[in-house]
Amino acid sequence: MQFTSMILSNAEVSPGYWRMRMTAPQQFASATPGQFVMVRVSGAIDPLLRRPFGIFDVGVHAPVQSGAVPQPYFEMLYRVVGKGTAMLSALHETDVLDILGPLGTGFNLGSPDEEKLIVGGGVGLAPLYLLARELVKRSPVRLFAGGRTRDDILCITEFERLGVECYTATEDGSLGECGLVTEALLRRLDVLKGRATIYACGPHGMLNAVAATAEARKIPCQVSLEGYMACGVGACLGCVAPGRGHSAETPDFRCVCTEGPVFESNELKWRD
Amino acid sequence: MQFTSMILSNAEVSPGYWRMRMTAPQQFASATPGQFVMVRVSGAIDPLLRRPFGIFDVGVHAPVQSGAVPQPYFEMLYRVVGKGTAMLSALHETDVLDILGPLGTGFNLGSPDEEKLIVGGGVGLAPLYLLARELVKRSPVRLFAGGRTRDDILCITEFERLGVECYTATEDGSLGECGLVTEALLRRLDVLKGRATIYACGPHGMLNAVAATAEARKIPCQVSLEGYMACGVGACLGCVAPGRGHSAETPDFRCVCTEGPVFESNELKWRD
Amino acid sequence: MKPDMSVNLAGIMLRNPVMTASGTFGYGEEFAEYVNLESIGAFVTKGLSLKPRAGNPTPRIVETPGGMLNAIGLQNVGIDAFIAKKVPFLRNVNTPAIANFFGNTVDEYAELARRLDEIPEVAGLEVNISCPNVKQGGIVFGTDPGCAASVVSACRAATKKPLIVKLSPNVTDVVVMARACEDAGADSLSLINTLTGMAIDLGRRRPVLANITGGFSGPAIKPIALRMVWQVAKAVKVPIIGIGGIMNATDALEFILAGATAVQVGTASFINPGAAQQIAGEMEAWLLANGVADIKSLIGALEV
Amino acid sequence: MKPDMSVNLAGIMLRNPVMTASGTFGYGEEFAEYVNLESIGAFVTKGLSLKPRAGNPTPRIVETPGGMLNAIGLQNVGIDAFIAKKVPFLRNVNTPAIANFFGNTVDEYAELARRLDEIPEVAGLEVNISCPNVKQGGIVFGTDPGCAASVVSACRAATKKPLIVKLSPNVTDVVVMARACEDAGADSLSLINTLTGMAIDLGRRRPVLANITGGFSGPAIKPIALRMVWQVAKAVKVPIIGIGGIMNATDALEFILAGATAVQVGTASFINPGAAQQIAGEMEAWLLANGVADIKSLIGALEV
Ligand SMILES: Cc1cc2nc3c(=O)[nH]c(=O)nc-3n(C[C@H](O)[C@H](O)[C@H](O)COP(=O)(O)OP(=O)(O)OC[C@H]3O[C@@H](n4cnc5c(N)ncnc54)[C@H](O)[C@@H]3O)c2cc1C
Ligand SMILES: Cc1cc2nc3c(=O)[nH]c(=O)nc-3n(C[C@H](O)[C@H](O)[C@H](O)COP(=O)(O)OP(=O)(O)OC[C@H]3O[C@@H](n4cnc5c(N)ncnc54)[C@H](O)[C@@H]3O)c2cc1C
Ligand SMILES: Cc1cc2nc3c(=O)[nH]c(=O)nc-3n(C[C@H](O)[C@H](O)[C@H](O)COP(=O)(O)O)c2cc1C
Ligand SMILES: Cc1cc2nc3c(=O)[nH]c(=O)nc-3n(C[C@H](O)[C@H](O)[C@H](O)COP(=O)(O)O)c2cc1C
Ligand code: FES
Ligand code: FES
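Residue numbers (our numbering), protein chains in the order written: chain A, 1 to 272; chain R, 1 to 272; chain U, 1 to 304; chain X, 1 to 304.
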């Protein structure tokens, strides 16, 4: 679906990280956790391509007057890394954006009886909040949020408000445990003795470690990938990621924008 | 001079015509009537080139508090015709622009004893207001403002406030005389019996007619030209206009951005 | 009165001159949500090869000022899967589908032309000659007039369907290439394919693309494409398809003035999946507003 | 510690690798208000011919997406007026001035090289071979290896000063051209000159430029320039000057990684007259921040 969205708010939630709320059409309510949008940052040709962002949350503004039509909205959580995100962060309420979405295949909510362990690195939390919101309806949920410093630990209060138990770790020890958040994850897995599902989004190194853990312990694990995208609809074939059996001789590429961005970690090829 | 300017106001003064006031450094006060600025509309590469605009007015905001430093400013009067001017019109107070100027060679104020006849077509009035402001200090000044419809007749009140007698003409008769403003000019020249100086800025057809009149009646006449400009500082050689003696065999090009944009009309080559 | 937007592209009747470009519109179905396929003139499939191809490692895409580079590596399902899985979709679409294809040898090109010739759902063939000739040490077919002519002749002998030859812009003289392809039997020429470009990641001191270089497309390349279309249109008799950086109806009409009978919209479909349909609609509106009764009267109507 | 920014360009010592490109920086003096000429590596004059040239009719300039086309027509004061009016300014500037020049025949090129060789204020010569050869029916010197070699040999014989040959990108294989020029005696190669492009005014149904086509420059062309510099740097031994769409220090450093010893800033000086000085400053800051002691260690340091 392509639509023109009006910005309702755009605020810096931590140095370099922004949260934007914007209007959406009614049909957007069907967006599932893990899906994403492609945002046209400017009507001019610079930047030329749309930028992909996870859907942080969806909701509806209750009508102020009885009888008025409610206003659906969605939110993005984004980090300013380059030209496009810098331009996004300069936008204000009432500015409009051209949006394509919801796109892609999101998370599989899995069986309700297992504890759900959500692992997010930095802005990798973006698609995990909507996921947590769904998961808590059926299962116990724990969040493992990691970052380099405390500035990279985002929106923990929001997760806590959902009833999610949160662990944090930073590499410099400025918030939570000092080190990698995967250590807390390992401890929890020890406790659960393998009855859990992992959901992860974050830097590739973190996903790699989480996937290796899941593999070693035979735990189902879904990861949300990033990939350089031009179209977001399966046409350009730019965004692909190597599947499990991929090699130069037996190539096996998966389309991140349509088959993903969420994959079972054992479908994919990881570094050893 | 290159400087960062902050927009103080930006308002539509007639459908499609905007007037923008923006801060300037102290040295900008030395700008002379007929000079221009090159505006970088966007920090991105679209639009890539700066856009040239006349200097409509310069001034100083008196300090609100005694002892505070006064704020010099300048104004542009511009018409929305394409991408760059459309983007300009979307800017707000406190937005900033990168400005190069004042550039070029402006009007020669000439001898004080002759009546000064200013002829402007549409947004061609832009560089003529500052000129009128200077001329009225020394000479009687009349303005002949023409346009297609009344929407194209701009800022007459401002000229009248200077004590300039104003004639207007529109092609559709919606304001002032019906027809071309050059007719009123001719009548005035008849009255003055050749003791006058003409200053003109506007569409090429109008300048051509004014130059022919000046030539026929041997009246000094200065015109402000437009030309496609890349640099504004005499380096690209894109903006040139043919000089009087120009022909394919004896080429003679004048640099509009440095030798102009104002030329004595008899220095230039005109259509017959 | 509604302007006549139809054009005859070497025997393929297009309801309007707006096509989509190979590699930017999948096999058609990917865009069914965004484009009413029956509102555009024709669409061109992703380039097909005899065997399926996996393409290059990633990153395959990078944005550049006003454009993009791609090094997809011609990933495609291969001719067999195309017939089995993609052709059925074409059956129900009342818009000409053009099959784009490429080979590593002249024989592969000819074999593909033969296979595609048998598919009734394929209205025409577009041969991509911007591929290295494995038998001649990697020289690109499309940069040598002799090589190009041999590909075109072989395909010509293998198909009765309209044969469009897609020219590479990475040449000293595109007119020489155009004439060679016309003489060898091309019914139409499409241009331009991507220019070869490169992007570097300063921080990592590496090329951005895993493939090092990639194909350059998007609005940035329009001036080059327009120049080449104009040059070729003056030099050949067959109809030309203008391609390169077309983002809106103005761009498309400029190509038609320069001599193109039809245009292809490429990168624009990534930015705006409905681009082709929108451009066709805006072109019609422009004709109406400017009192042009028939788009054909604009073909090559540039006054120089 | 301040990084070492100096490079040796075929015997011309540059305090840093940032030069300005011919035709975009006048004769130096036009930019004296905006650039401290002694903060950049070198500057290159507008292309000189034997006789003054008036250039093309207007419009000569048009903006395109991310770039611009120019058809100035090589307007310049001619070698005599250069010596009389422009050289005195060079005398007081402690920065190498490179004279760019072109001819219509091999003899004209050689004659200009001889005249320029006698001017002590000229540190080096840059020969622009992107001009039509009037004796060979207009074929552009820079698109034919034989023609290019004959120009370069003739200039080589006429000057002892460092001879830079500026390559045209409008060729099938820039490496062939580069090798031909190196073999014919070039001390350095600069690339790229402008690509040939065209823009159309739909409303008037005419080309925008009076000259119909023009030279395409600016950020849009950077991917092509970067690719060509990288290809040529692998193939020749002489130092290379990278040119094409350089707008900032990152762009400049990318060209150096690709193999350029120095860079030229062109169109950027129009948008920001202080661009060259600013880029040199930002490059130095980047080296400092990234712990690079010597810019020379980055030349060709791309990891592929
Ligand atoms: C499916 C998906 C979901 C994403 N969700 C989020 C999110 O919710 N919040 C968030 O902050 N970021 C998210 N990202 C990353 C985000 O798309 C990039 O940070 C953003 O595109 C950078 O744009 P830029 O212009 O600021 O950076 P630039 O570096 O100027 O971008 C240049 C080009 O590289 C691409 N690019 C740069 N970084 C990335 C990246 N990490 N992944 C993919 N492409 C990239 C850009 O899209 C653009 O085409 C997501 C990426 C994908 C693929
Ligand atoms: C010395 C000078 C003074 C000017 N003063 C004024 C003024 O005070 N007010 C005003 O409204 N306009 C003025 N103009 C014209 C103004 O520069 C153009 O209208 C403006 O550049 C259009 O930009 P755009 O992006 O909206 O249009 P586009 O058509 O998108 O511009 C495309 C390109 O064409 C150039 N261009 C388009 N129209 C003109 C034109 N008429 N003259 C020169 N270049 C043009 C642009 O600068 C740009 O490079 C002046 C022009 C010159 C040369
Ligand atoms: C991602 C991508 C994939 C492409 N794949 C093909 C292809 O398979 N075959 C082909 O002939 N051209 C291919 N092209 C070239 C386009 O069809 C078109 O010629 C080019 O992109 C220029 O047009 P544009 O600027 O409108 O994109 C591809 C282009 C892109 C951007
Ligand atoms: C207006 C203009 C005039 C130019 N004149 C010359 C010239 O006289 N001689 C020459 O060798 N190159 C000339 N060039 C080419 C530039 O030196 C440079 O090679 C080209 O613009 C690419 O660099 P850029 O993208 O940084 O502008 C000119 C370029 C422009 C834009
Ligand atoms: S982004 Fe184009 S195929 Fe995935
Ligand atoms: S605008 Fe560049 S020389 Fe006048």
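In short, the hints are calculated from the structure, not lab data.
Any given hint could be a false lead.
As the list claims (entries may be wrong) - Okay, derived cross-link-like pairs now, DSS-like style, lysine-lysine, Cα gap no bigger than 27 Å in a straight line:
1) U/Lys135 / X/Lys234
2) R/Lys83 / A/Lys83
3) R/Lys218 / R/Lys193
4) U/Lys160 / U/Lys51
5) U/Lys135 / A/Lys269
6) U/Lys234 / U/Lys135
7) R/Lys269 / X/Lys51
8) U/Lys234 / X/Lys234
In this text the structure is predicted, and so the values were computed from the model without any measurement.
Checked hints:
no., hint, result
1, U/Lys135 / X/Lys234, "holds (24 Å)"
2, R/Lys83 / A/Lys83, "holds (20 Å)"
3, R/Lys218 / R/Lys193, "holds (11 Å)"
4, U/Lys160 / U/Lys51, "holds (23 Å)"
5, U/Lys135 / A/Lys269, "violated (34 Å)"
6, U/Lys234 / U/Lys135, "violated (33 Å)"
7, R/Lys269 / X/Lys51, "holds (23 Å)"
8, U/Lys234 / X/Lys234, "violated (38 Å)"
Checked against the numbered hints given earlier, this structure breaks hints 5, 6, 8; the rest are met.
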